[in-house]
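Chains as they are written, first to last, in my numbering: chain A, 264 to 385; chain B, 423 to 726.
A hint or two may mislead.
Said to hold, decoys possible - In silico DSS-like cross-links for lysine-lysine, where the CA-CA straight-line distance does not exceed 30 Å:
id	chain 1	residue 1	chain 2	residue 2
1	A	K351	B	K653
2	A	K354	B	K653
3	A	K311	A	K374
4	A	K354	A	K384
5	A	K311	A	K384
6	A	K374	B	K653
7	A	K311	A	K351
8	B	K582	A	K384
9	A	K374	A	K351
10	A	K351	A	K293
11	B	K653	A	K293
12	A	K311	A	K293
13	A	K354	A	K311
14	A	K293	A	K374
15	A	K384	A	K351
16	B	K653	A	K311
17	A	K384	A	K293
These are calculated hints, taken from the structure and not from any lab test.
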Amino acid sequence: MIRHIIAKSAAALAFVFAAAAAFAHAQLDKAAPAVGSAVAPPAEIRLKFSEGVEPRFSTIALSSETGAAAPLGAPSLDPADDSVLIAKVAKTLAPGVYTVTWHAVSVDTHKTQGSFDFTVKP
Amino acid sequence: MTMLPLRALAAALGAASAVLWLSPAFAHAVCGDRIFPASLGIDDPGVGDELALPTLTYLPHNTGGSQELDATFSWTKTIFPGFGLSVQDGPTWQRPGGYGWESLDTEAKYNFLCIPDLEFMASVGATVIWGDTGTGTQIQPFNVYQPVLDAGLGFGGLPKSLNLLRPIAVTAELSESFPGQSWTNASPNPTTLNGGFTVQYSLPYYNSHVAEIGADFFKRLIPVAEFTFSKPISNFEPGANATTGAIQPGAIYMADTWQFALEAIVPINSASGHGAGVVGELHFFFDDIFPDTLGKPIFTGRQP
Numbered sequence: 264m265i266r267h268i269i270a271k272s273a274a275a276l277a278f279v280f281a282a283a284a285a286f287a288h289a290q291l292d293k294a295a296p297a298v299g300s301a302v303a304p305p306a307e308i309r310l311k312f313s314e315g316v317e318p319r320f321s322t323i324a325l326s327s328e329t330g331a332a333a334p335l336g337a338p339s340l341d342p343a344d345d346s347v348l349i350a351k352v353a354k355t356l357a358p359g360v361y362t363v364t365w366h367a368v369s370v371d372t373h374k375t376q377g378s379f380d381f382t383v384k385p
Numbered sequence: 423m424t425m426l427p428l429r430a431l432a433a434a435l436g437a438a439s440a441v442l443w444l445s446p447a448f449a450h451a452v453c454g455d456r457i458f459p460a461s462l463g464i465d466d467p468g469v470g471d472e473l474a475l476p477t478l479t480y481l482p483h484n485t486g487g488s489q490e491l492d493a494t495f496s497w498t499k500t501i502f503p504g505f506g507l508s509v510q511d512g513p514t515w516q517r518p519g520g521y522g523w524e525s526l527d528t529e530a531k532y533n534f535l536c537i538p539d540l541e542f543m544a545s546v547g548a549t550v551i552w553g554d555t556g557t558g559t560q561i562q563p564f565n566v567y568q569p570v571l572d573a574g575l576g577f578g579g580l581p582k583s584l585n586l587l588r589p590i591a592v593t594a595e596l597s598e599s600f601p602g603q604s605w606t607n608a609s610p611n612p613t614t615l616n617g618g619f620t621v622q623y624s625l626p627y628y629n630s631h632v633a634e635i636g637a638d639f640f641k642r643l644i645p646v647a648e649f650t651f652s653k654p655i656s657n658f659e660p661g662a663n664a665t666t667g668a669i670q671p672g673a674i675y676m677a678d679t680w681q682f683a684l685e686a687i688v689p690i691n692s693a694s695g696h697g698a699g700v701v702g703e704l705h706f707f708f709d710d711i712f713p714d715t716l717g718k719p720i721f722t723g724r725q726p
């Protein structure tokens with residue numbers, strides 16, 4: 264009986280592993296500027312997620328310490344990687360602390376969100 | 423219970439899940455910026471399509487003085503967004519004592535609250551441990567009914583001057599177990615108060631909100647400490663109302679579609695056993711693995 268249970272469990276596990284394709288909640292893996300970093304004024308905000316995202320339903324916003332919105336272009340995918348969302352910074356950022364706020368919809372429709380700061384050096 | 427009814431139940435649930443592929447993907451325990459992992463000592467505050475297979479527990483000396491090994495599974499199926507049914511069972515080996523299949527444990531759970539800005543979510547559940555469904559050493563001739571409250575709070579709302587504390591999250595659970603039969607063979611079946619909490623430090627949260635972590639392994643790791651207790655509060659034999667419980671330090675590795683958790687089990691007192699045990703669990707997020715089929719609610723609705 265125990266062998267039977269173990270065999271069935273192993274078969275179930277094998278099935279689940281085999282089915283575990285790259286669909287999941289899109290979590291922020293890397294960013295440029297990097298999370299918490301101090302950098303020169305960036306030309307774009309680049310967010311690398313743990314899986315592919317849908318640019319039409321995903322957003323990136325940038326705000327200064329005062330809460331004022333910094334203009335960004337519409338987010339688009341890196342043509343070579345559908346897990347990288349890019350938004351161009353419309354004008355050169357003045358020195359200070361900025362907050363990136365993102366909402367992502369992964370290719371399997373799961374929603375995630377987050378925010379982080381970076382500093383533009385003088 | 424023989425294996426046949428258990429298999430029939432699993433097959434029925436599986437068939438229902440397979441046939442009724444109607445609604446969009448439903449997230450596991452996500453509230454605002456926070457993803458609460460599945461913990462081992464207590465349940466997480468979310469409701470999602472997930473499978474824990476297996477959960478292996480080893481205790482060198484349990485409360486009865488026996489060496490114990492448990493191998494359980496738990497499967498949760500969402501019926502509509504925020505509401506799910508789960509089934510848990512599995513065999514237990516004790517030495518001395520022998521082998522037995524645990525009583526079937528089912529729960530209906532509803533996630534009634536998520537405040538995204540506070541990273542706070544809460545759920546209520548109703549658990550039934552079904553009498554006469556265990557075998558061998560685990561035979562229990564009566565049902566046990568257990569209302570459960572689960573809650574979780576992330577610290578992401580703290581000021582950014584306290585950035586290093588923002589990856590912290592706490593979850594808690596409180597329940598009361600009511601036996602469906604007050605006496606069995608002239609012995610009282612006590613009502614017990616059960617609870618626990620976890621303290622977690624989410625390195626995934628740190629990586630995406632505080633500062634970038636270079637090593638891929640660490641950016642998916644969540645160190646955790648769990649604390650559980652149980653105390654008879656009525657209908658117990660004189661002197662048999664000691665609080666039992668455990669402290670469970672460990673870590674959870676959270677991949678995209680699965681997680682693995684490993685924790686030590688340290689009894690809080692002699693009534694809780696002797697020596698440190700260990701528990702490990704492989705956990706699959708069906709909402710991520712089968713987002714269009716088995717991993718979404720049977721009835722329509724979209725996770726906010």
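Hints the structure violates: just list their numbers, smallest first. Hints 1, 2, 6, 11 and 16 not satisfied by this model.
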